[in-house]
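Chemist: With chain Y's structure known, arrange chains X, V and S on it following the hints.
Chain residues, written in single-letter form:
4 protein chains.
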Amino acid sequence: MKEKNLELERLVFFSDAVVAIAITILVFNLKLIGDEGKHITFTDLWQTWPKVLAFFLSFFIIALFWKLHHQFFFYIRTIDEMLLWNNICWLLFLVLLPFSTTLIATHFTDSAAMVAYCANVLLINVFQNNIWDYAAKRPELLTPGIDERLTKFYRRVCNVAMINSVISLAIAFFFPVVGFIILVVRLPALMFSERLFKAMK
Amino acid sequence: MKEKNLELERLVFFSDAVVAIAITILVFNLKLIGDEGKHITFTDLWQTWPKVLAFFLSFFIIALFWKLHHQFFFYIRTIDEMLLWNNICWLLFLVLLPFSTTLIATHFTDSAAMVAYCANVLLINVFQNNIWDYAAKRPELLTPGIDERLTKFYRRVCNVAMINSVISLAIAFFFPVVGFIILVVRLPALMFSERLFKAMK
Amino acid sequence: MKEKNLELERLVFFSDAVVAIAITILVFNLKLIGDEGKHITFTDLWQTWPKVLAFFLSFFIIALFWKLHHQFFFYIRTIDEMLLWNNICWLLFLVLLPFSTTLIATHFTDSAAMVAYCANVLLINVFQNNIWDYAAKRPELLTPGIDERLTKFYRRVCNVAMINSVISLAIAFFFPVVGFIILVVRLPALMFSERLFKAMK
Amino acid sequence: MKEKNLELERLVFFSDAVVAIAITILVFNLKLIGDEGKHITFTDLWQTWPKVLAFFLSFFIIALFWKLHHQFFFYIRTIDEMLLWNNICWLLFLVLLPFSTTLIATHFTDSAAMVAYCANVLLINVFQNNIWDYAAKRPELLTPGIDERLTKFYRRVCNVAMINSVISLAIAFFFPVVGFIILVVRLPALMFSERLFKAMK
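Same order as they appear, the protein sequences are chains Y, X, V and S. Take 1 as the starting number for the first sequence in this note's numbering and just add one per residue. Take 1 as the starting number for the second sequence in this note's numbering and just add one per residue. Take 1 as the starting number for the third sequence in this note's numbering and just add one per residue. Take 1 as the starting number for the fourth sequence in this note's numbering and just add one per residue.
Only chain Y is shown next, with the shape it has when bound in the complex (with noise of 0.2 Å):
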C-alpha cells in the first residue's frame, strides 16, 4: 500500500505543478490596447477591464477547482488507471481554460467566446464530477472510515457546480454577459456551502 501512496503522490504533484502554471499564464492575457510607442494613461489601463475581469474569474475558478481537487484527494488514498485517466482529462480541460479565458478577455460581449469559455468550465466540472463519483462508489480507493455524509456533500458540491455551468453555458450563446454573471456567482456559492456542511456536522 506504501507503494501505491508514492504513485498517487506523484500524480497530486503533477497536477499541482499543472494547476500552477495554468493558473499563473493567465497572467497573459493582460496586454495592454495600443502599441508600445505612445504614452499610457490612467483611461488606457481602465480600458481594460474585460480582461482583468476574465482574469479574476478564472483565477478564482481554477483555485477553487484546485481546492475541492485537494479536498478529494485527501480522502482518496489509492488510484487506478481509471480514476488516474479522469485525472488526466480534468487536467486536459484545466489547461485550456487560459486559451478560453483569452476568447472572452478579448471578445467579452460575443456569444461564441463566451459559450467556449462556459464549455470548458463544464467539461473541467464533468471530470471532476467523475473523479469523486467513480471514488466514492469504490471503498478501496478511500480512506476507511470517510464520514457517508461527506461523501454525499462533495456529490451536492459538484452537482451544483455543473448545473451553473450548464445554465451559464445555455444564456450564453444569447445573452454572453449573463453567462458571465451567472458564473461569478458560483464562486460565493461554492465557498458558501462549504461553510453550510460544517454547520450541519
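Hints are computed from structural coordinates only; laboratory data are not their basis. Treat the numbers as computed from the prediction; the structure is a model and nothing was measured.
One copy or two, either will do: identical chains are not told apart, so a pair holds if it fits within one copy or between any two.
Here are the computed lysine to any residue pairs in the SDA-like style, where the Cα-Cα straight-line distance is at most 20 Å:
| hint | residue 1 | residue 2 |
| --- | --- | --- |
| 1 | 38 | 109 |
| 2 | 152 | 139 |
| 3 | 137 | 80 |
| 4 | 38 | 111 |
Modeler: Leaving out everything else, chains X, V and S in the frame of chain Y:
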C-alpha cells in the same frame, strides 16, 4: 542507499516539473486566425480544428510518456550518470514537442511539419526506451524481486511505440495526415496493451 | 494533526510553484527594441536598461515576498479556510506582478504605469500582512512555544513594507521614477531589518 | 536541525522549479522565419539551425548547472542567509539565460549578442562558485565527514567552468562564433572531469 534515493527523488521531481510545463504550454498553440479587433463567430472557432487536434494529440502523447516514465521509475531505485543523461535527453526532446506541435498546428498538411513532429516523437521514444533498456539490464538499479515478465512487457511497450513512430515518420514524408492518424492510433493501443498485461498476470 | 500538515504542505508547495513561475516569466519582459532582421549592437542592448531595471526590481521583490512567506509558514502548523483564501489572494496579486512589470518596463516614465505597479506591490503586501496578522492572533494555528518577539517582529516587517508601498504609490502619481526608487530602497531595508532582529536576539 | 532541513528542502524545491521553467521556456526561441500563411518546406526547417543550436547549448548548460547545484546541495545540510541570497542571485541569472538565448538565436553572428550570452553564463558560474566556496569553508553547513578531495574537486570544476566562460566572453567580442564553440566545448569537458574524479577515487 537512502542518499541515492534522495538524488533519484529530485531527478523524478525535476522531470515531473519539466513535463508539467511542457504539457501546459501546448495551449499556446491555440490561437484564433484573424485579428483582435473584429467579432468572432462559431465559424472562427470551428476553423481552429487542426490546432485543437494537434493540441489534443500532443497532450495525450505527453501524458502517456509521463505515465510510462513513472512506471519505470517506480521500479528504478538508484540512478547512475548514464541513466541521468538519458533522462535529460528524454526531457530535451519532450520540451521540443510544443514547438513541433506549433509546426503541425499551423501547417497541418505540410509534410515538412509532420515529419518534424513524427521525428520528435520518435526521439522521445528512443530515449525512453534507452532508460528502461539500460536499467532493466542492471539489477543493482532496480527494486529487488521485480517480476521478469514486467521487465519484458515494458520493453515491448517501448518497442511497439517506437515502431509506431517510425512508420508514421516514413509515411509523413508522403501523406502527412496519414502519419498523424497513425500516431493517434498509438494512444488507445498503448492504453489497451496495459490491460492485456494485467489480464495475462 | 498529521493530516492537517499534509494539507498545509500542499498549499505551501502550490504557492511555491506559482511563485517560481511568476518569478521566471518576468524574463519575457526583456525584449529588444527593433526587428529581428537587422544586426544588433551594444547600443541596442544598452537601451534595454529600463526593462532590465524593472526585471531586477521585480525579481528581488518577489524573492523577498517568497522568503517572508516561507518564514511565516515555518511557524504556521495548520491552515483554516480564511488563511487559505488570504494566501490565494496573495498569489493572485503576485501572479499579476509580471504584467505590472511589463507596464513599467515599456513605459518607465509614465505615471499610470508606475501607479499600477506600486498598487500591485501594495496589494501583495496587504494580503501577506493579513496572513501573518490572522495567524499570529490564533495560537492554535502556530507551532507551540513561538517567541512573541518574533511574532511582533514579522508584523513590523509587514508594516514597514506596506508603508513603503503606500509612499511609493502616492509619489508615483506625480514622479514615477521617484516612486520606483523608493521601492528599490525597500530591498536592502528589508534584508537589513532581519539582521537587526538577529542582533537583538 | 530538522527544522533547518525543512527550510533547505524548500529552497532546493523552489530552485528546482525555477530551473525547470527556465529550461522549458527555452523552446520559445524556436520559431520559423516567415509567416503562418504559406506552406513550409524542409528548407524552412533547415534554416532554423542557429536557433536549434542555441537551444541545444542552453539546454545542456542549464542541465549541467542543475546537476552541479544538486551535487552541492547533496552535501549542504543547512543554509544561512548568505547562502540563500547567493542561491537567489544564481537563479536570477539562470532565469535570464532564455533571454540571452533569444539574442544569439536571432543574431548568431553579432558580437553584442554573443557577448551578452557569454557574460550571462559567466555570472551564473560566479554565483554557483560562490555557493560552494561559501559552504565549503564552513563545516557547520556541510554534512559531517565529507571527503576533502571532493570539496576541492567541486571547487576546481567551478574554476574550470569560470575560466571557460571568461575565455569565451573575451573571444566573443571579436569572433562571436568562436566564443560559442568554446562554450560548447565545456559540456563534454565538465562531463568528462566527473569521470576523472571517480577514476581517481
